[in-house]
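J.: Each chain, written out:
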Amino acid sequence: MQRNTIQQRFYRPLERQITLGRPSIRRYVGLLALVLILVVWQVIASLRLYPSFIIPPPGAVLEKFITVVQDGRLWLHTSTTLVEVLGGLALGVSAGVVLGYIIAKNQIIEDLLSPVIVALQSTPVVAYAPLLVIWFGSGPNSKVLTCALTVFFPMLMNTVVGIRNTPAPLRDLMRSLGATRAQMLTRLEIPAALPVLLNGLKVSATLSVIGAVVGEFIWANAGLGFLINLSRNQYDTPLVIVAVLTLALMARALYSAVSYIERRALAWQQRTRRD
Amino acid sequence: MPASISVQGVSVEFRAPDGGPLPALGPVTFGLDAGSLVCLVGPSGCGKSTLIRVIAGLQTPDQGKVCLDGEPVTKPSRRVGLMFQDANLMPWRTVIDNIALPLELAGVPAAERREIAMKLLPGLGLADFAGAYPGELSGGMAQRAALGRVLIQRPDALLLDEPFGALDAMTREQVSSDLLALWAQERPTILLVTHDIHEAVRLGDRVLVMSPRPGRIVADIAVPLPRPRRVSDTYQAEFGAIAQAIRQAIENS
Chain A
1 MQRNTIQQRF YRPLERQITL GRPSIRRYVG LLALVLILVV WQVIASLRLY
51 PSFIIPPPGA VLEKFITVVQ DGRLWLHTST TLVEVLGGLA LGVSAGVVLG
101 YIIAKNQIIE DLLSPVIVAL QSTPVVAYAP LLVIWFGSGP NSKVLTCALT
151 VFFPMLMNTV VGIRNTPAPL RDLMRSLGAT RAQMLTRLEI PAALPVLLNG
201 LKVSATLSVI GAVVGEFIWA NAGLGFLINL SRNQYDTPLV IVAVLTLALM
251 ARALYSAVSY IERRALAWQQ RTRRD
Chain B
276 MPASISVQGV SVEFRAPDGG PLPALGPVTF GLDAGSLVCL VGPSGCGKST
326 LIRVIAGLQT PDQGKVCLDG EPVTKPSRRV GLMFQDANLM PWRTVIDNIA
376 LPLELAGVPA AERREIAMKL LPGLGLADFA GAYPGELSGG MAQRAALGRV
426 LIQRPDALLL DEPFGALDAM TREQVSSDLL ALWAQERPTI LLVTHDIHEA
476 VRLGDRVLVM SPRPGRIVAD IAVPLPRPRR VSDTYQAEFG AIAQAIRQAI
526 ENS
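Line order of the protein sequences matches chains A and B. This note's numbering puts the first residue of the first sequence at 1, with every later residue one more than the last. This note's numbering puts the first residue of the second sequence at 276, with every later residue one more than the last.
Bear in mind the hints are in silico, worked out from the structure with no lab data behind them. Do not take every clue at face value.
As the list claims (entries may be wrong) - With beta-carbon atoms standing in for the labels, derived distance ranges:
hint, chain 1, residue 1, chain 2, residue 2, range
1, A, 119, B, 290, 25 to 35 Å
2, B, 290, A, 164, 53 to 63 Å
3, A, 267, B, 383, 35 to 45 Å
4, B, 429, A, 164, 28 to 38 Å
5, B, 293, A, 109, 26 to 36 Å
Said to hold, decoys possible - Short derived list, chain A residues pointing at chain B, Cβ under 8 Å:
hint, residue
6, 170
7, 177
8, 179
9, 232
10, 233
11, 236
12, 271
Cβ atoms here follow ideal geometry from the backbone N, Cα and C, with glycine treated the same way.
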């Protein structure tokens, strides 16, 4: 961004706030909570109130983690789930955005589709996931679909809201400047809807992991959801915990990735006058 | 080339809450000579903004038509620039990219349109704010950026709907003087809606007075004062007499 010196002087206080983010002490408070949980866990495990297959000590989980990393099982199942999640996200988000745009622009299509959408949205994915597995097999396809369906609805709703909320005066301005339909979309509707769209994407990123795991729970040959089922049946509780933590990390990483995109794309929102 | 505008028997109806027709405007008939600056005053809700939208081609009148250089207006034209009470900038675009928007939509390459926009900034008092976002600007600065965006079009006609309405008195005089200076250079035909009688007299060649809803033109008052007119001229006797005539026309309407 090219800016001259007067502006740099003028805006420096604001920029400092943005780049530094949260004050350093607050950053470590969250970490403290994690440490506390680990300590409590270790204490409960050491007291031997429960058999170790119910509450294994943190050390046993770490040991298991190293084992499954070394023999490649963790990566096999993680990559399977990750591919399903990314595929489901791509499919669900694009379908949600495209259909959302059409609905936002067309009252008749909204009237036509809204009963179906409302019915589908209020049905839990877990309920109809078995159907998808029956129709699309036990491979990754059915999981991509459960994931896509979970992601589809928040994306659809947010797109409709985002596009409908395009400010009317800006629409008039674009029309008065002879904007084409494509220009209206790329220069006005998409940027105006972007904050709401990215919010939907953040929700979707978290939901996508749930969607894929639901599919894997029903019937699968690989994936972290499958690994949880398998190790639970073998009373391998440390492996269950490893798989759960890996899923949590995956969801968190996806969320952070979208947050990062959001901060970059919506940098203008941070830059407002404060006087 | 400045455009002449003629408004012929234009009327607009809205739908009342009970479903019946609600006359909002007109019928209105008047003409603007090419290169003239005409002000339009009237009580709020008299259909001034609707009239601007019709002339701009954003709204089809229920009766009558608008002609631009004798050609009927059926859709918005790039020859006509529009400015509203709100600066109406895109908050996700920097000042320079907001000003360059009309050129961008017309297909001018990025480097070229930025260069043209950069040249406008000093005249608008925005030289140091090319990379600022609208959220960082004061009301007056935002409105000057909006003025820049309409000027970069090199419009043949300018329709200004209370463009200074949201500004404080000092800023308002400043920005309206900027507008006068720019008009003196390029001479687009200007129709300026305002609710400030003194502003109308200071800026206009003519002042049109509208009645309450459904708005009609009830007076067409010439302002034969020499230009350039300064803000201090508004205290002179001839000036006051014209303002007085306009005030009377509004009250009688």
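J.: Taking the hints in turn, state whether each one holds.
T.: So, going through the hints one by one against the coordinates:
1. A:119 to B:290: 25 to 35 Å: Check passed, 34 Å falls within 25 to 35 Å.
2. B:290 to A:164: 53 to 63 Å: Distance hint for residue 290 of chain B, residue 164 of chain A is violated at roughly 21 Å.
3. A:267 to B:383: 35 to 45 Å: At 25 Å between Cβs, range violated.
4. B:429 to A:164: 28 to 38 Å: holds (34 Å)
5. B:293 to A:109: 26 to 36 Å: holds (30 Å)
6. 170: holds (6 Å)
7. 177: holds (5 Å)
8. 179: holds (5 Å)
9. 232: Given a least distance of 48 Å, the restraint on residue 232 of chain A is violated.
10. 233: With a minimum Cβ separation of about 52 Å from chain B (threshold 8 Å), the hint on residue 233 of chain A is violated.
11. 236: violated (51 Å)
12. 271: With a minimum Cβ separation of about 5 Å from chain B (threshold 8 Å), the hint on residue 271 of chain A holds.
Taken one by one, the earlier hints fail for this structure at numbers 2, 3, 9, 10, 11, listed in ascending order.
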